[in-house]
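Protein chains: 2
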Amino acid sequence: MDRPDEEDDDQFDPETNNLHQPLLKRNRTLSSSPLAIVGTKVSHIESLDYEINENDLFKQDWRSRSRVQVLQYIFLKWLLAFLVGLLTGVIATLINLAVENIAGYKLLWVVKYIEQERYLMGFAFMAGANFVLTLVAAVLCVFFAPTAAGPGIPEIKAYLNGVDTPDMFGATTLIVKIIGSIGAVSAGLDLGKEGPLVHIGSCIASLLGQGGPDSYRIKWRWLRYFNNDRDRRDLITCGSSSGVCAAFRAPVGGVLFALEEVATWWRSALLWRTFFSTAVVVVVLRAAMEYCKTGDCGLFGKGGLIMFDVSGVSVRYHAVDLIPVAVIGVLGGLLGSLYNYVLHQVLKVYNVINKKGKLHKLLLSLSVSIFTSVCLYGLPFLAQCRPCDTSLPNATCPSTGRDGNFKQFNCPKGYYNDLATLLLTTNDDAVRSIFSINTPNEYNILSLVIFFVLYCILGLITFGIAVPSGLFLPIILMGSAYGRLLGIAMGPYTKIDQGLYAVLGAASLMAGSMRMTVSLCVIFLELTNNLLLLPITMLVLLIAKTVGDCFNPSIYEIILELKGLPFLDAHPEPWMRNITVGDLADVKPAVVGLSGIEKVGRIVEVLTNTTHNGFPVVDSAVGANELHGLVLRAHLILVLKKKWFLTERRRTDEWEVREEFTSIDLAERGATIQEVAVSKDEMEMYVDLHPLTNTTPYTVVESMSVAKAMVLFRQVGLRHMLILPKYQAAGVFPVVGILTRQDLIAHNILSVFPHLKRSKGTKKGN
Amino acid sequence: MDRPDEEDDDQFDPETNNLHQPLLKRNRTLSSSPLAIVGTKVSHIESLDYEINENDLFKQDWRSRSRVQVLQYIFLKWLLAFLVGLLTGVIATLINLAVENIAGYKLLWVVKYIEQERYLMGFAFMAGANFVLTLVAAVLCVFFAPTAAGPGIPEIKAYLNGVDTPDMFGATTLIVKIIGSIGAVSAGLDLGKEGPLVHIGSCIASLLGQGGPDSYRIKWRWLRYFNNDRDRRDLITCGSSSGVCAAFRAPVGGVLFALEEVATWWRSALLWRTFFSTAVVVVVLRAAMEYCKTGDCGLFGKGGLIMFDVSGVSVRYHAVDLIPVAVIGVLGGLLGSLYNYVLHQVLKVYNVINKKGKLHKLLLSLSVSIFTSVCLYGLPFLAQCRPCDTSLPNATCPSTGRDGNFKQFNCPKGYYNDLATLLLTTNDDAVRSIFSINTPNEYNILSLVIFFVLYCILGLITFGIAVPSGLFLPIILMGSAYGRLLGIAMGPYTKIDQGLYAVLGAASLMAGSMRMTVSLCVIFLELTNNLLLLPITMLVLLIAKTVGDCFNPSIYEIILELKGLPFLDAHPEPWMRNITVGDLADVKPAVVGLSGIEKVGRIVEVLTNTTHNGFPVVDSAVGANELHGLVLRAHLILVLKKKWFLTERRRTDEWEVREEFTSIDLAERGATIQEVAVSKDEMEMYVDLHPLTNTTPYTVVESMSVAKAMVLFRQVGLRHMLILPKYQAAGVFPVVGILTRQDLIAHNILSVFPHLKRSKGTKKGN
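Protein sequences, first through last, are from chains A and B.
Here the first sequence stands for residues 1 to 766, numbered as in full-length UniProt numbering.
Here the second sequence stands for residues 1 to 766, numbered as in full-length UniProt numbering.
Possibly wrong hints are sitting among the right ones.
[Stated by the list, open to error] As a list, the in silico SDA-like pairs of lysine to any residue whose alpha-carbon atoms are at most 20 Å apart: (1) Lys41(A) with Leu362(A); (2) Lys59(A) with Val70(B); (3) Lys495(A) with Lys495(B); (4) Lys757(A) with Arg65(B); (5) Lys59(A) with Met576(B); (6) Lys643(A) with Ser679(A); (7) Lys293(A) with Leu532(B); (8) Lys757(A) with Met576(B); (9) Lys293(B) with His318(A); (10) Lys59(B) with Lys293(A); (11) Lys757(A) with Val70(B); (12) Lys642(B) with Arg602(B); (13) Lys599(A) with Leu638(A); (14) Lys348(B) with Ser367(B); (15) Lys59(B) with Glu573(A); (16) Lys495(B) with Glu290(A); (17) Lys59(B) with Phe753(A); (18) Lys355(B) with Val70(B); (19) Lys293(A) with His318(B); (20) Lys757(B) with Val70(A).
[Claimed, not checked] Label-pair distances were calculated between CB atoms; the ranges are: (21) Ala570(A) with Ile437(B): 58 to 64 Å; (22) Asp549(B) with Ala671(A): 37 to 43 Å; (23) Gln72(A) with Lys348(B): 50 to 56 Å.
Just so you know, these hints were derived from the structure itself, not from any lab.
All values reported here derive from a predicted model rather than from experimental measurement.
The beta-carbon is built from N, C-alpha and C at its ideal position, and this holds for glycine as well.
For reference, chain A alone in the conformation it holds in the complex (with noise of 0.2 Å):
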């Protein structure tokens, strides 16, 4: 076993403790890089401080909080919820506002153009609008803001798993993500506003939470208490909630699916405050909608919103419709985890054209963006044109505005495109015509085969680019196109209308790829709004889930492992049983420890030489060795930057450190070692360490088994564990090692213990 040998003192003996014989040898060290890929930037990222320091001074801060500051973070707290909401709720109003609009007048231009047959000049705006509307998303992607590039959402997991992602929630980045998120979905890209709309609400509740952008912030004196880790998870999860709430116009759903997806702590009184957000965020939809309707918002029509309410409609569906249904989940399942397997592919070869530079990643965006241009115009040509059906009393055919689900495109009167419906509209238009019920003869089926494989490309290479960028409605595409040609193939055989197979594609394939069930399975709820649906739908997101997860894990899992964020588990491995903590603790670095009241110069020299964020603090006598605790690098920085030194070894007193510090300094983070200058008379001075130490770390034995510090660490959220020794004999360190995320993260232990991946891998299940 090692031990610290830079002690200043001979308190502790480095020979002690041979009694411990491991039972695995040492391969090599335990390392894990600091370094993941947030948005596209490779950033330095920390751990989040969720463990409750209890020092003197917290103590101190909580005892004299009376009770009209209870109240008043109460207040606040429920104050910020409702203003996340309502910031969300308006933000993402205007988003759909500036898409609805932008897109269609640009469509209704194109529309024009081909009127009057002017196919190439049509193409040439088109692809030209495209192209600067993916310039200027891009463009700001890459030069202000590369963390707001792709959804946010495998960030967001992590930052509330307890991994500190700078620049994710800032003001630049929130801009950049609202206006970039309306030049790509504007653009016709192959990507939707849901992902985003997660980050947008959680940067909302970010920069409430601690008053405003970093350089602007209000220095209100409320908000203080919420300078803190733990009040910010709460609040970004209210603002995740928020974001798909406003996405989906779904409020149980958006608080379901925080609760599934992205949040890793929940309390019930979380529950509450998240989901009295997304009824603020909903409120605020329909107050939008409802002025909208008189006309005064131009294009902006329904909002993006309603996606597929058939709630009039009384859906009638056998046992055997079961078969057709169930084909559909194994189908999705299949697809899913093929789309995980190559997007992952996709995204590898990406990384390293994006690593190469800021213009490699601007012209694959363009690239992208012209290449779906060309798509999206030319492929509505091959499609013959379809007679009108005109036994159907209210639909327009054939249509020439934004709208209709029967676009005349470059037939002549009476007849429509169908697969110019499809292409030649946004997203969230494209979504409602495939869901569209009662209109079984509507599409060709070589159409909707073009329409499917074209997605399935689109979806492939629009992700990966710098762009805001959102999951959920490329999957929706693909999965509806699928979903519909099943319906047609099983058509003879079955009562369900092809709309609902569709939507049941959908849900199929997002079960299949982003293995979400519960939180899918209500939003779908919400969205059709027909409580009759659930059996079929629950069925379907269940097998695709299932066949899914037999091949690969979910695709944010996958985006997680290859951005490199140290994202802990829920369950330990089941190998992990066959390791226990002391193991890990003899390939680690040795743990370096410090004295309760230590030299200036021995706290100088250790800051400089490890990067270590926590040292144990141990007091010493003869024979005998105490723990008091665990001290903060950033508590010992300020220590240092305060100068607040002693001539002589002694204890202070509670006044004495009152005087110099307020815990709103020690929530103070981000300082470093190399700020800090210290006089060469100061590093023979002491500094007495009891009053800063957190004396209550959580600790494990050295005998405990992996799996079980595990589920510790992770549940109570922790950000260092101590281990002790399981010894207790005269002249023992009291600490064997500190344990950090990464020491936990399955991939680092195996790479220093190969062999455990050979014993049993099989997990328990879920």
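For chain A, the structure is supplied; the task is to place chain B on it using the hints.
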């Protein structure tokens, strides 16, 4: 600090560790009662073992589990979830069928007597029928299954929190609960079938998980995977969700109810399985209703299910309507907390009566039944007959059947008795009538006042009697009456329908009394099937809960405390930061340790003289003690029973253990030391405890604050938590104490350290 002084060796020096100075003077011993009231029966409670017992045998069992067995386990888990949903749905349908028919025919007879103006005969028949039905329910509950009385929800909550409540989930309890619930509800008592359905769902789940009733268990090999507290916990969570779903036909609401109110631990995998169960319940209920539409179910009608479907109604309200809505919320909170307070007092009195014996229990129930009959039959005579409003198109007025909003009762033709509509009917129909919309002038204010006052009284006196009773319906009845009254009072100033006022009143009183929010909101959403109602429902619930929380805890918490169930709260009390686990250990009886290889005599002595369920196992050498782990009482008894003794002090090999014990043996519980006979010779032999010891118990250092220790205890789901000394020195016994659930209950700590209460006692908010 106390050291075990019964050690058979001189390895532990009782005089060491004088470094430690307890901060708080010892007042008296931290003790707690192992008794609690389950249903109406005083039972001996224990804790459940959720922690994975990582001893050699468990590791062996887990390693030998093949991939096929893992798949069997997963398949069985889903099959059980399906069966729980199926059976709960079927039983709920049967209960509804029985109640609607029994109560329906009873009421038809009463109406017939009244038509013939044989009022006294009508009363005699009704009171007699109610008396007999109550008698059946009460006799069953008093003599066969006292645990079936009451709603069962507090006990389920405690079980899922880790408290074993004996006889709670047996076959007798299930049958008594079903028949008793039918009897009590048909008897017209002011109670619902909602709470009992939750209990029934949980019973079904538990019985399925263990393969049948205790004496007739199926010994199916697969089922042995479920012979542990963790899987049983998950199953019972499924069962309770199914129960709520069956009560309200609200699948999402059922899941959220279990999540918010009942369950303590929750995993996202469980979310999905629970949802699956509730969906099955919904399918069964719908199928039953579909079938009963043909008229084969007697008076089943709408099956007592949909209470208020307003999906077709367009709800309109303006900003100014928020004022009455807020008033409803405030009043609901006040009334709810008042109800909690008075019910608490009533239950205390009832406890005294119930303790006097079975006859007293029976007489109490029957008195309540007679009082109820007198009121329900007599009070309508006080109401004035009201003329029928002929402008209403679809209503039969006056009606003489059991249904209908306008009952004729004692009135002449063309007139109806509004109080009879509300009282001479089943509780479900009463709710439907009072919820009905577009009937602004149906009810006289005086009738509503009488109804409200009557149900306030009945709600208080009925709940504690020895029959299966739910809290939901009484509160809905009270709340709807006061909501409708408020609606009439607000009439001229508001556009909201009086039926909606009744719904909001019911919601507010439930929130004011039960303090649930999200699940109530979703249940009401699913009942009303109208998303437009969501914002005002939320507002009402939020206000009512907040107001109620100012006065007292939720009704379930009150009942839990009254019953003496040691429920561990999610949030530690603030004063728990001021006390360490070491302080608690000081006021507990000394920890009793065992050696790794221990004398049989000492084991017998320890088991006989203590009631502890876990014993630390410590290996000692000169100058060093090693904590090997924790051994459970059940496993020690197993060793004694199997007489697995050694003639010499030696470590055993793995195969020796595996020959003697299987992991199934280790899962058995309930044996007592009195059943074991050990001869005098055997007393001198040895047992190797190492292979049976859980080598990875969770531990805390003695300086840990109780607040943080409690977070660990609850989050990880422990039964025993070992306290380690913070000093590392020669000869120190490596375990300072063991904490159990009872030691962390606020009430128990305060009885020893009363001064803590006086320190800042405000919670940091929800």
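Do the hints match the structure? See the list:
no., hint, verdict
1, Lys41(A) with Leu362(A), "holds, 14 Å"
2, Lys59(A) with Val70(B), "violated, 48 Å"
3, Lys495(A) with Lys495(B), "violated, 43 Å"
4, Lys757(A) with Arg65(B), "holds, 16 Å"
5, Lys59(A) with Met576(B), "holds, 11 Å"
6, Lys643(A) with Ser679(A), "holds, 10 Å"
7, Lys293(A) with Leu532(B), "holds, 17 Å"
8, Lys757(A) with Met576(B), "violated, 43 Å"
9, Lys293(B) with His318(A), "holds, 18 Å"
10, Lys59(B) with Lys293(A), "violated, 66 Å"
11, Lys757(A) with Val70(B), "holds, 18 Å"
12, Lys642(B) with Arg602(B), "holds, 17 Å"
13, Lys599(A) with Leu638(A), "holds, 15 Å"
14, Lys348(B) with Ser367(B), "holds, 18 Å"
15, Lys59(B) with Glu573(A), "holds, 14 Å"
16, Lys495(B) with Glu290(A), "holds, 19 Å"
17, Lys59(B) with Phe753(A), "holds, 19 Å"
18, Lys355(B) with Val70(B), "violated, 49 Å"
19, Lys293(A) with His318(B), "holds, 18 Å"
20, Lys757(B) with Val70(A), "holds, 18 Å"
21, Ala570(A) with Ile437(B): 58 to 64 Å, "violated, 45 Å"
22, Asp549(B) with Ala671(A): 37 to 43 Å, "holds, 40 Å"
23, Gln72(A) with Lys348(B): 50 to 56 Å, "violated, 37 Å"
The structure does not agree with the numbered hints 2, 3, 8, 10, 18, 21, 23 stated previously, though it agrees with the rest.
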